[in-house]
Every structure is written in C-alpha cells, then in structure tokens.
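Undergrad: The primary structure of each chain is shown beneath.
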Amino acid sequence: MLGSNLPTRLARLRERADEDLMDLVGKGEARAFEVVFDRHGGVAFSLAYRMCGRRAMAEDIVQEAFLSIWRTGARYDRTRGSVRSWVLRTVHNRAVDALRRGVVRESRNMSDHQAAERIVAPERTEAEVGRRDEAQRVRSTLGELPAEQRQVIELAYFGGFTHTQIAEMLDQPIGTVKGRMRLGLTKLRLLLGDLAEVRA
Amino acid sequence: MNDRSQLGHRDCGADAAAYALGALEPGEAEAFRRHVATCVVCRDEVATFQALADTVALAAPQLPVPRRLRHRLISSIRREPRSGRAATARLPRRAAWARWLPAGVAPAAGVALVVATALAVGFVLSSSKSGGNEVGETRIVQASVATPTGSAVMRLSPGSAELVLEHFPPPPAGKIYEVWLQRGDRAPQPTNALFSVTSSGAGTVYIPGYSRGIDRVLVTPEPLGGSQAPTHAPVIVARLS
Chain A
184 MLGSNLPTRL ARLRERADED LMDLVGKGEA RAFEVVFDRH GGVAFSLAYR MCGRRAMAED
244 IVQEAFLSIW RTGARYDRTR GSVRSWVLRT VHNRAVDALR RGVVRESRNM SDHQAAERIV
304 APERTEAEVG RRDEAQRVRS TLGELPAEQR QVIELAYFGG FTHTQIAEML DQPIGTVKGR
364 MRLGLTKLRL LLGDLAEVRA
Chain F
-12 MNDRSQLGHR DCGADAAAYA LGALEPGEAE AFRRHVATCV VCRDEVATFQ ALADTVALAA
48 PQLPVPRRLR HRLISSIRRE PRSGRAATAR LPRRAAWARW LPAGVAPAAG VALVVATALA
108 VGFVLSSSKS GGNEVGETRI VQASVATPTG SAVMRLSPGS AELVLEHFPP PPAGKIYEVW
168 LQRGDRAPQP TNALFSVTSS GAGTVYIPGY SRGIDRVLVT PEPLGGSQAP THAPVIVARL
228 S
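Line by line, the protein sequences are chains A and F.
Letter by letter, the first sequence follows residues 184 to 383 in this note's numbering.
Letter by letter, the second sequence follows residues -12 to 228 in this note's numbering.
One chain only, chain A, in its complex shape (with noise of 0.2 Å):
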C-alpha cells in the first residue's frame, strides 16, 4: 500500500514550493530532500564541475554539500534567498576548501564548452535546457564586463583564489584588484537587472 501511493506522494512533493519542501527536510523527510536534489543538483554539479574541473572530485563535492544539508536542513532560513542561492553557497564554499587544499589546480585548463561536450547526456530534459539558456544568458553578461573586470571575478569566484593571490598573479595592487571586483559586480547588477536575484 505504502508502495502504491509512493508516486502520488512524489507527484505532490515535487507541486510544493522549495521553501516547503525545506520544512519537511528540517523534519527529516527524505522524499522531499529528493525532491529539492532533483531540482538543484545540476546547478550544484555543474558549479562544482566549472570550480574544480574534475567529475570525481565535483561528485564528491556535490554530495558532501547535500549531505550537510540534509543534516542542517532546519537551519534554511527563506528570509536569507532561495534554496537555490543557500546550496549553491554551500556547493562553492566546499569547492573554495577543496581548491584552497591545492589539490584539483592542475587540470582545469579544458574548456567549459570541451568539458561540458565530454559530460552530456544524449538527451536533456526541459529544465536542462532552462538551466543552459540561463547559463548562456548570465555567460554572455559577464563577457560584456571590461576583461579586467571579468578576470578576477572568475579567479575568485570559480578559481577560489583569494584576493591576495590574484594580485600576484596578475601584478597588480590588493587594492585594484578589490576594486576591479566591486566594480565588476556593480556593473554585472546593471546589466543582469530581474536576473540578479538567484531565483529557485
């Protein structure tokens, strides 16, 4: 019987709001943890894949990042963004540490496109195909930042470079690279308008 009503109750698991389905992960209801998986782990893997460059290592970190959400699910505070934006935080604080403990610098040089042709499933679903759009979208945004801008924005944020670092790799003040980030972002808001707030 419990059997028989599984698909139904997925059916209305998957009708409820990310912030509902949240409550029922903070009470330890694994079926809607599934739910928000199946509808944020291709932005959490595909983060995690950009940062590091290597599928193992971004299943490991995916994985980990869910894991401490299923484990501190109560403390999603929807006052704080959407679930959307609090796994992706969660994915690239994890994948900061892993790049930080230098082991996964060496083989990110492919390209985004080479490495996500490598990965492909033969066919997409239609939120797949949402998830890409939007990628192109926000991708082609970012090429419209001065290239100064644009660079340390990427080292930091996908590179997990800290503001030092980039300094010394691009020879230049901690100050100018601080403010080419502030800067950067600044202009992105502009440029990104209703898209700026992460929506889940």
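Since the hints were made in silico from the structure, they are not lab data.
For clarity, every value in this text was computed on a predicted model and none was experimentally measured.
Each residue gets a CB set at the ideal place from its N, CA and C atoms; glycine is no exception.
The reader is advised that the hints may include incorrect statements.
[Claimed, not checked] Here are a few chain A residues that sit away from chain F, every Cβ distance over 10 Å (derived from the structure):
| id | residue |
| --- | --- |
| 1 | Pro329 |
| 2 | Gln334 |
| 3 | Leu353 |
[Unchecked claim] Label-pair distances were calculated between CB atoms; the ranges are:
| id | chain 1 | residue 1 | chain 2 | residue 2 | range |
| --- | --- | --- | --- | --- | --- |
| 4 | A | Thr347 | F | Ser147 | 52 to 58 Å |
| 5 | A | Thr255 | F | Ser183 | 34 to 40 Å |
| 6 | F | Gly171 | A | Leu250 | 39 to 45 Å |
| 7 | F | Ser186 | A | Met352 | 43 to 49 Å |
[Unchecked claim] Residues from chain A that face chain F, not an exhaustive set, calculated with beta carbons under 10 Å:
| id | residue |
| --- | --- |
| 8 | Asp221 |
| 9 | Leu230 |
| 10 | His275 |
| 11 | Arg315 |
| 12 | Glu317 |
| 13 | Phe344 |
| 14 | Asp354 |
| 15 | Gly358 |
| 16 | Met364 |
With chain A held as given, fit chain F onto it using these hints.
TA: For chain F alone, kept in the frame of chain A given last:
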C-alpha cells in the same frame, strides 16, 4: 590584520565585493563578518553582492547530474538518521515588513535577521497589577534585534509605549534611528521619534502615535532628519499582536 570593526563603511566597501566572491583571506573574512554585524551599509552591500555572486554561479556550463551521484547520495541519507533537528532554532518566515522595502533592500533584510541575537519569539511578560484589568497593566514585549549586541524591549501601557534599549550599537555614521508603526501588512508609518543611544548603548524612546491596533514597531537607520518611507531593513522589530 585590520579589525574592520574599527573602520568606517567607506573603508570597507571594496571588501564587500571580495567577501561576496569568497576572495578575502580567512582572517580578513572573519574580521569583515564582525564588521558587517555592526554596519548596516556594509550589510546591504554584502547582500547585494552576494546575490550577484549567486548569479555568477549560473554561468557555469550546465550539466546533468550523474545518476550514480544521485543514487549514492539518496542511499546515504536513507542510511543516516538525522538528529537534533527539533532543537535547532528556526528563524521566522519572511516578515511582513520585508514586502515594503525597496527592491535593493530586501536581500539585506534577510541578512539583517541572520545576525539577530534575539529572534522574534515575541514573548510577552505581563505584569498586571489589577488581575487582568487593562487599566494599570504594563506589558513587556521582547523585540527582535538585528545587531550582534544589544537588546530591545517594548514597555506598553494603555495609551503609551516606550522602547528601552541596552547595549545597542549607535546608528552608522551619517544616520539616525527612526521609529515606524505598522498595522497589518500596510506600509509602516513614520513617526517623529529619531534617536541614537548613549555611549553605553542605552536608550529609552517614547513612541509617539502608539495606540491599539498597531501590530509592529520597527526601527530603521535613516538619513539624518528621517525618511518618509524606510530605506533600510529594520534593526528592531517588535511584534505587538
């Protein structure tokens, strides 16, 4: 390492962007977190930049989730009983006041509540002197505060109200605290109660215009002279109903 709590917000604006991107050195990040807890301006900036950093994440080429990852993860959580959930403090749902904040301020409202040290539990202590009769009754209502230090309570008597602060940080440079009254989900109404606190963080503020039907008393940092509509997230929210 600089202690950023000693710096004005003009000195640390660039750090807000670096912080949001995760680019501060660990010691600097910790010092900046302490600073942000006391600086509303930087808190706003961090919230804005953090939302942008979240968006940058989406620039990564989007890949499908490996099936084995899903399988491994779901298997793990089914094996792992969770504990301590019930004991974890929950933050309140998005407050009614968040809806009327300007678009750029809304994320900051969330951040502000993150650092709340006294959440909106809204406990009410009644010191009725006449067996529940309204006359002569004083209610003490604990307010939520969005500062790392300090506390605020409302002292309510029939027809009058006072806000009593202890160890509360002063408003940011060039700002003053302004008191607002809110009924239901309507926009907060400004009062002419503009204040700062003593060097020890104390203050007792008479709330003009208080009457029955006021659901919340809010305090926001505003430009000197006050504002007609809030420009920042509240640092104090007292729920009266």
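Undergrad: Identify every previously stated hint that the structure contradicts and give their numbers, smallest first.
TA: 14
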